[in-house]
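Chains P and C, in that order, give the protein sequences. At position 16 of the first sequence the residue is numbered 16 (my numbering), and the sequence of numbers has no breaks. At position 250 of the second sequence the residue is numbered 250 (my numbering), and the sequence of numbers has no breaks.
To be clear, the hints were calculated from the coordinates, so they are not data collected in a lab. Treat the hints loosely; a few may be bogus.
Calculated from the model, a selection of chain P residues having no Cβ within reach of chain C, i.e. all distances over 10 Å [claimed, not checked]:
# : residue
1 : Ser36
2 : Ala39
3 : Leu43
Subject to a maximum C-alpha distance of 25 Å in a straight line, what follows is the list of computed DSS-like cross-link-like pairs (lysine-lysine) [to be verified]:
# : chain 1 : residue 1 : chain 2 : residue 2
4 : P       : Lys55     : C       : Lys256
5 : P       : Lys55     : C       : Lys288
6 : P       : Lys75     : C       : Lys256
7 : C       : Lys116    : C       : Lys147
8 : C       : Lys14     : C       : Lys38
Beta carbons: idealized from backbone N, C-alpha and C, even for Gly.
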Amino acid sequence: MEINDFIANFADQFENTEASVFTPETKFRELDEWSSLLALSILAMVDEEYDVQLKGEEMRATNTIQELFDLVDSKL
Amino acid sequence: MILSFKPMAFIEVKNVAIRGLAACVPSTVVCNSDIYDKKWSGYDNFVNTTGIAKHRNSSKEICSSDLCVAAAEKLLSDLSWEKSEIEAIVFVSQTHDFYNVPATSCLIQDRLGLKKECYTLDIALGCSGWVYGMSVISTLMAGGTIKKALLLAGDTPSKFCSPDDKSTYPLFGDAGTVTALECCEAASPIRYAMYTDGSGYKAINIGAGGYRNPVTQSSFEIKNHGEGRDRAEIHLEMDGESVFVFGISKAPKAVKALSEQYSINLDDIDLFTFHQANLFMNEKIRNKLKLDEAKVPYSLQEYGNTSCASIPLTLVTRCAKQLKNQKVKHIACGFGVGLSWGAMNFETDSIVVSDLLEL
């Protein structure tokens, strides 16, 4: 699992945020476009792309893309 | 004798057919736009995501059993079935008349005026409840001695949601349904794939009120759990994100497992009726299975998530014409609280569908 692929998949869920904004350090909850619906889209992306089923509390404990990547990676 | 090993809980029931469906909802319509205007912001986001514009709330006097009994009276009349012919009723609900004692199905036997030679059973399941209830009642009938039976599935979630919790209250609605079944040698088989994962029970639960955590005075204290989420321990608590991941991963897998086990070509199925959770989740499930929109009915826009009533309510309110006039191949899938889920495959042939009742 590559962080760059993960970031691309993560960025794909956004409509109004430039792909260049997303780095491993991005605090995604602070992005203007972040919403509860986007959280669901990210959870669905993780399920579909990586066949990993995250719990709500696990997802809520992450703040940066790197942290979310590490969480998903730990379940592969 | 050699027993074949099956890695999952598959069940195939022969000789039992669905003959009719009916549903009853409370007459009080709650518009989520009104609630959002009064209490919260972001109605447009809410309705675009969940699809749920309205739901029905029962008054203090109306219980799940009342909605189911009204539906049953109407369906028995529309079917021209004699009450004396009914030999079993199964009642699926998480909102019983009494706190545990006695079982509501016993009261329903009397209220419907059924004979005493009647098997009754309560099943405490929610979103998977209709599929589980069908598996129980059809298996009971497969022996051939019980000829006619009713599955009553209904819930009044409005009574256990905090009106000040936007993660539950706007989503759920009240409804009662009845499914009439008959023993029939020519019936096509009903097939089930059933599952449970109790490790996820906290995703949808009511904290206080059983014997594990009896109600105390503090159980009624309203506490804040984030913006727009005020509730007490006696209220339903839902972790929407966990439920979402559960639904989009397990429901498609259950449908696939069922179709593989029984060599069902999904292209041959006319109707895929899913538990009505919310539009965003249900559409993910539909897309994962690559199902044609026209074959996947929704009633959640008008009635919300009606727990165990959602599948039959959707069939009654969205598919009545098709069900009344045609032979229809179905897949239904319920998923949720437990965590519990199951998928089933069955056929109906020009069944009786009563007009929706209001109480």
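Consistency of the hints with the structure:
At roughly 8 Å, the least C-beta separation between serine 36 of chain P and chain C is not larger than 10 Å, which violates its mark as non-interface. Some Cβ of chain C comes within 10 Å of the Cβ of alanine 39 of chain P; the nearest lies about 6 Å off, and the non-interface call is violated. Some Cβ of chain C comes within 10 Å of the Cβ of leucine 43 of chain P; the nearest lies about 5 Å off, and the non-interface call is violated. A distance of roughly 23 Å separates the Cα atoms of lysine 55 of chain P and lysine 256 of chain C; the hinted pair therefore holds under the 25 Å criterion.
A C-alpha spacing of about 20 Å is found between lysine 55 of chain P and lysine 288 of chain C, which places the hinted pair at or below 25 Å, so the restraint holds. Restraint check for lysine 75 of chain P and lysine 256 of chain C: the C-alpha separation of about 24 Å stays at or below 25 Å, so the hint holds. Proximity of lysine 116 of chain C to lysine 147 of chain C is assessed by CA-CA distance (about 15 Å); at most 25 Å being required, the pair is judged to hold. Note on lysine 14 of chain C and lysine 38 of chain C: the hinted pairing is violated, with a Cα-Cα distance of about 52 Å set against a maximum of 25 Å.
In this structure, the hints that do not hold are numbers 1, 2, 3 and 8, in rising order.
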